[in-house]
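Protein sequences, first through last, are from chains A, B, C and D. Basically the working numbering = 1-based index in the first sequence + 778. Basically the working numbering = 1-based index in the second sequence + 778. Basically the working numbering = 1-based index in the third sequence + 778. Basically the working numbering = 1-based index in the fourth sequence + 778.
Some hints could be false.
For chains that are exact copies, the list does not tell them apart, and a pair is met inside one copy or across any two.
Pairs of lysine to any residue, SDA-like flavour, derived with a Cα cap of 25 angstroms [claimed, not checked]: (1) 915 x 1031; (2) 1042 x 1056; (3) 842 x 895; (4) 915 x 982; (5) 781 x 946; (6) 803 x 1063; (7) 803 x 831; (8) 917 x 1050; (9) 989 x 1030; (10) 989 x 951.
If you are wondering where the hints come from, they were derived from the structure by calculation, not from laboratory data. Bear in mind the structure is a predicted one, so any value in this text is a computation, not a measurement.
4 protein chains.
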Amino acid sequence: MKKLKIGIVGLGRLGKVHAANIAYKISNAELTAACSIVPAELEYAKAELGVADVYADYKEMLAKADIDAVVIVTTSSEHCWQIEAALDAGKHVFSEKPLGVDVAQCKQAEAAVERHPDRTFMLGFMRRYDASYAYAKKKIDAGEIGTPYLVKATGIDPEAAVQGAIRFAKTSGGIFLDMAIHDIDLMRWFLGSEATEVYAMGATFKHPEFKEAGDDETGVAVYKFENGAMGITHVGRTAPHGYHVETEIVGTEGTIRISAVPEKNLARLYNANGVCTECVQGFPERFADAYLAEMEEFVRCALEGRQPGVSVYDGTKSTLIGYATTEAWKTGKAVKIG
Amino acid sequence: MKKLKIGIVGLGRLGKVHAANIAYKISNAELTAACSIVPAELEYAKAELGVADVYADYKEMLAKADIDAVVIVTTSSEHCWQIEAALDAGKHVFSEKPLGVDVAQCKQAEAAVERHPDRTFMLGFMRRYDASYAYAKKKIDAGEIGTPYLVKATGIDPEAAVQGAIRFAKTSGGIFLDMAIHDIDLMRWFLGSEATEVYAMGATFKHPEFKEAGDDETGVAVYKFENGAMGITHVGRTAPHGYHVETEIVGTEGTIRISAVPEKNLARLYNANGVCTECVQGFPERFADAYLAEMEEFVRCALEGRQPGVSVYDGTKSTLIGYATTEAWKTGKAVKIG
Amino acid sequence: MKKLKIGIVGLGRLGKVHAANIAYKISNAELTAACSIVPAELEYAKAELGVADVYADYKEMLAKADIDAVVIVTTSSEHCWQIEAALDAGKHVFSEKPLGVDVAQCKQAEAAVERHPDRTFMLGFMRRYDASYAYAKKKIDAGEIGTPYLVKATGIDPEAAVQGAIRFAKTSGGIFLDMAIHDIDLMRWFLGSEATEVYAMGATFKHPEFKEAGDDETGVAVYKFENGAMGITHVGRTAPHGYHVETEIVGTEGTIRISAVPEKNLARLYNANGVCTECVQGFPERFADAYLAEMEEFVRCALEGRQPGVSVYDGTKSTLIGYATTEAWKTGKAVKIG
Amino acid sequence: MKKLKIGIVGLGRLGKVHAANIAYKISNAELTAACSIVPAELEYAKAELGVADVYADYKEMLAKADIDAVVIVTTSSEHCWQIEAALDAGKHVFSEKPLGVDVAQCKQAEAAVERHPDRTFMLGFMRRYDASYAYAKKKIDAGEIGTPYLVKATGIDPEAAVQGAIRFAKTSGGIFLDMAIHDIDLMRWFLGSEATEVYAMGATFKHPEFKEAGDDETGVAVYKFENGAMGITHVGRTAPHGYHVETEIVGTEGTIRISAVPEKNLARLYNANGVCTECVQGFPERFADAYLAEMEEFVRCALEGRQPGVSVYDGTKSTLIGYATTEAWKTGKAVKIG
């Protein structure tokens, strides 16, 4: 069996998820190198992932490691140059979202991807690889809801994790850039059209720290699309019941709604609280299978010389829309996109 | 508008429900008399229901009151002779379930009904008049689930009401006679066939008082029917989440399941317990509309000279099956019915 | 029993619902007169409702009929002057929503109500009397979801009824005035604050007739409230599954969502389509109990000399917001309210 | 990384599932050999699984192949001697359920397991490794539903697969042995007690072929347990909506119900059929993750020298109960177990 040799850069919370998938769950992939500026993460790579070949310097890994591909799970601001460097070094590249923190960066990544059409590039919009989202897309493409014309997207992190969000409130770029990027990608994907205008607002009722940091704990934005369709996003940080990602696609002949109840599993509890469904508690739990499925697809694409469904341009577009949303939220005015 | 003048006998918990429906919610009915051996109930009739004409003696009410019909909500053991007396006095009769406490009594009531074919007689199997059950019957009669061949019925009273059940454990006739009569009626109604054999068992894990009284807090029985169909009932006293009545009708082309979640209303709570549905807390809440609908139907039948869908024979049959179930439970053996 | 004598004006689809409730289901109310400019409706009143005292002229009914109260179910543009005339004639008044078709009219009604503080005035925001909405309000007032800060409201008429909407598209005032008034009232009610700004958009993908009439078949609007809270409404005409009214109230400690599945009843069908819930098919079905409950409350208020929870000012406010929403939709700009 | 070298015997429908998991999804396992009496299955092993070392003779594989463990997915009647032979050859053993087709066989397997306490033996009761079932067990063990005293288990194969069941109706051992073995295991597992008596019945309404073959298409059985608890199983072959496995555990303080709606994923369709959930269509789909999880556990146990939660005695007990259920069904009498 031909195996794809992969070096990972960044071994934080999500980096560990990707690394474990590559090391233990994808038989035609091998985690042969790891890079991090955090020494503890390199120790982790050695001890827990069995990766002997570790680097503190990314360019050194590119130059020396026995790898066919790079998986980038670093801070958003590092993605684009790391993508470019890896592609120029002849590696296939998987990068976590967002593509970049500004459009100029994204364009630089686009240029690198275009210079290396024989290298696979994939952006980590893992929701597209979740069984329920993929099912919805298939149904829509088969015409089962007619023409989709409205996407209503909700993404709320659990209250249990709010302290982390508060700590990063000043540097996160604001709630829309930090939280809405997946919803923005899904709206574009399901509607098959590009957003042209956005109006947005925010509110902070539970944790004033967000407001003090110039952020909001909840955001609402509405979008107009080129083809006349519409979008609504509601993002937040304080869901008491867990990690709430819900998406509804309204079409002329039907509607598909995904995870109105973000159930942990198929068990229902009948007790003094009524009939209750326990909920998933974070993105690693909700999208565990999707993170695996997207990486399997990346590996297959790289081994077979294909490009995946998510392109570098999806990254640029969603970043562009994220910035326009942030501007709309900050100014209180409708903002034209693009 | 022609109005049916009604005298009620028995003003306990359920009697009050029927009385209020007749007095306030059914415009072509009038509550003109009330009878009870409990003085406080007669006071209630005067003060709360505006009924001036009250009686301590049932036969006196039949003889003197200005009534076209009688609604019987007394202790089960009184039903049959009260039915007979009312019919013989020329009144239409609505009686709460069960028809009687033994088959001989039931036969006496049957004879009285047969003597007065021009009088309306109705037994209070109100579930048949619940919107969901009536909908299921209509779907089944329309062939939407093919031939129904298995009914799975569950009826559990709320733990919150268990002390009352414990008090009556010695005199209730046992859990199956006390709790399963509606489920038995529904099985017969949905399957369109008669039960021929029953096997039953019980258990008491939470309140030993039931066992001490010769009863059980939970019962399970399985039935064979003449046409080869099958039935399962699960009755109990200790549902922590509320009043749980659930019925599933399995057919060759589909299944209909009614109230797997005995929801109080359409609201769902998303909070630290997950996503929860609060449940109904008792039969008056769950079947409020059904109690009204059956009484409206009784009034219409009486005014129009019709007989309702529930006959006196349904009462005898369900009593017969209830006794056979009790025998099966007590002996641990399968018991032939009829 | 003291009975409230009521005259109804307008016996269209909803008028018939109110009339039947008054005539047959509310024992302390009596339908003693009816008025309509449509002769067939007066025939209906005589034949079906047993109302002998009928009028083609509203003022004549006010002058001559034996009535304590008037129930107004006429065209929106007639509401305000009819309210004023009835109050000035000493009658209690129940009026269907909207209060009026412009703010000047509403102010006229307000003045009339203020002139007659001893007369009960009630506006038909029946959703507030629906069991699920009333339950949500009670939970919210009890603090169970903390501070509510976002209401997401959806109201979509069934595709099955779309031809009627198309016929009235030119004269309805547009989708927001026609469809969003209940949602606007609910947002104000649940948030306990007034809307200050609105941004809106619309789309027409299925029935171009709406666009041709200057209307849209779907509308989306977002609101800012005085206290910093936010609102989203999604209204439409073309739900294939039935009549979809769904409302979510998001608070700092929890969320309440009402009828994400607009179930017809508690039955679930397991068949070749999967596990399906049949849906309600229109407002008379969904809100049958709420229409009855609000009328019962109106009757009680009038008999007891009280005012109900819904005031004339709720009518003015919701009309004002409805107009601002329409302006936002037409201009594509955010509009300040009030 | 230490890898467990595995030889598989039997590459039918389920054998292929296990083989693919071992070959591609469990990094610390390796599929190094395959055995089948069906030549096409050996071709499949070479072509699709990359296994070069294939055998038509099981004993030859045990003698010659480079394997640490054997995974047995053959016809039920072959399990026990294959288990014994593998253990005696020093291999760890995973065997599909049922353990054997009679109790004598099971005892032979028990003896072999007891002779080799240092070898891992695991029986394929994969439901115990399903996320929802494992969650329920954890909740129960933590006391969240108090003392469990009733298990209601349903297992119905999809109508879409009925022709296969009809073909094997004469040789399957009957519906209870063929279908109820997982439910029997779950009842024992959740209740922590052994069944002492069973009463059973069957029905055939859709496919007379079952009756003609001496079988039934639907079976219902009820069980008494040593500790006083009770069990109900409903098994069948003809679910129109898909593969329906549902389990309810009723306890003194609460109930847990698993997959009342056997949902395919988290998407809900709102269309002309109402609000629908598409269902899973077979055990490979429903339990895909559980098949993987149990094999991962087997591999870990073998590498770490542990025994899994499912023992050989679970296999004997469930077989014993399956036979008693079959006898009860055939004779129409309650049957004592053990």
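Against the structure, the hints:
1. Proximity of residue 915 to residue 1031 under the C-alpha cut-off of 25 angstroms is restricted to the intra-copy arrangement: shortest distance 15 angstroms within a copy versus 30 angstroms between copies.
2. For the homomeric pair residue 1042 and residue 1056, the shortest alpha-carbon distances inside one copy (6 angstroms) and between copies (18 angstroms) are both at most 25 angstroms.
3. For a Cα distance limit of 25 angstroms, the shortest separation of residue 842 from residue 895 inside one copy, 23 angstroms, qualifies, whereas the shortest one across copies, 48 angstroms, does not.
4. Proximity of residue 915 to residue 982 under the C-alpha cut-off of 25 angstroms is restricted to the inter-copy arrangement: shortest distance 22 angstroms between copies versus 34 angstroms within a copy.
5. Taking the shortest alpha-carbon separations for residue 781 and residue 946, neither the intra-copy value of 38 angstroms nor the inter-copy value of 42 angstroms comes in at or below 25 angstroms.
6. With identical chains, the CA atoms of residue 803 and residue 1063 are at most 25 angstroms apart both within one copy (16 angstroms) and between copies (19 angstroms).
7. Taking the shortest Cα distances, residue 803 and residue 831 sit within 25 angstroms of each other both inside one copy (20 angstroms) and across copies (24 angstroms).
8. Taking the shortest alpha-carbon separations for residue 917 and residue 1050, only the inter-copy value of 15 angstroms comes in at or below 25 angstroms, while the best intra-copy value is 39 angstroms.
9. Within a single copy, residue 989 and residue 1030 get their C-alpha atoms only as close as 40 angstroms, which misses the 25 angstroms cut-off; across copies the closest is 15 angstroms, which meets it.
10. Taking the shortest Cα distances, residue 989 and residue 951 sit within 25 angstroms of each other inside one copy (13 angstroms), while across copies they are farther apart (39 angstroms).
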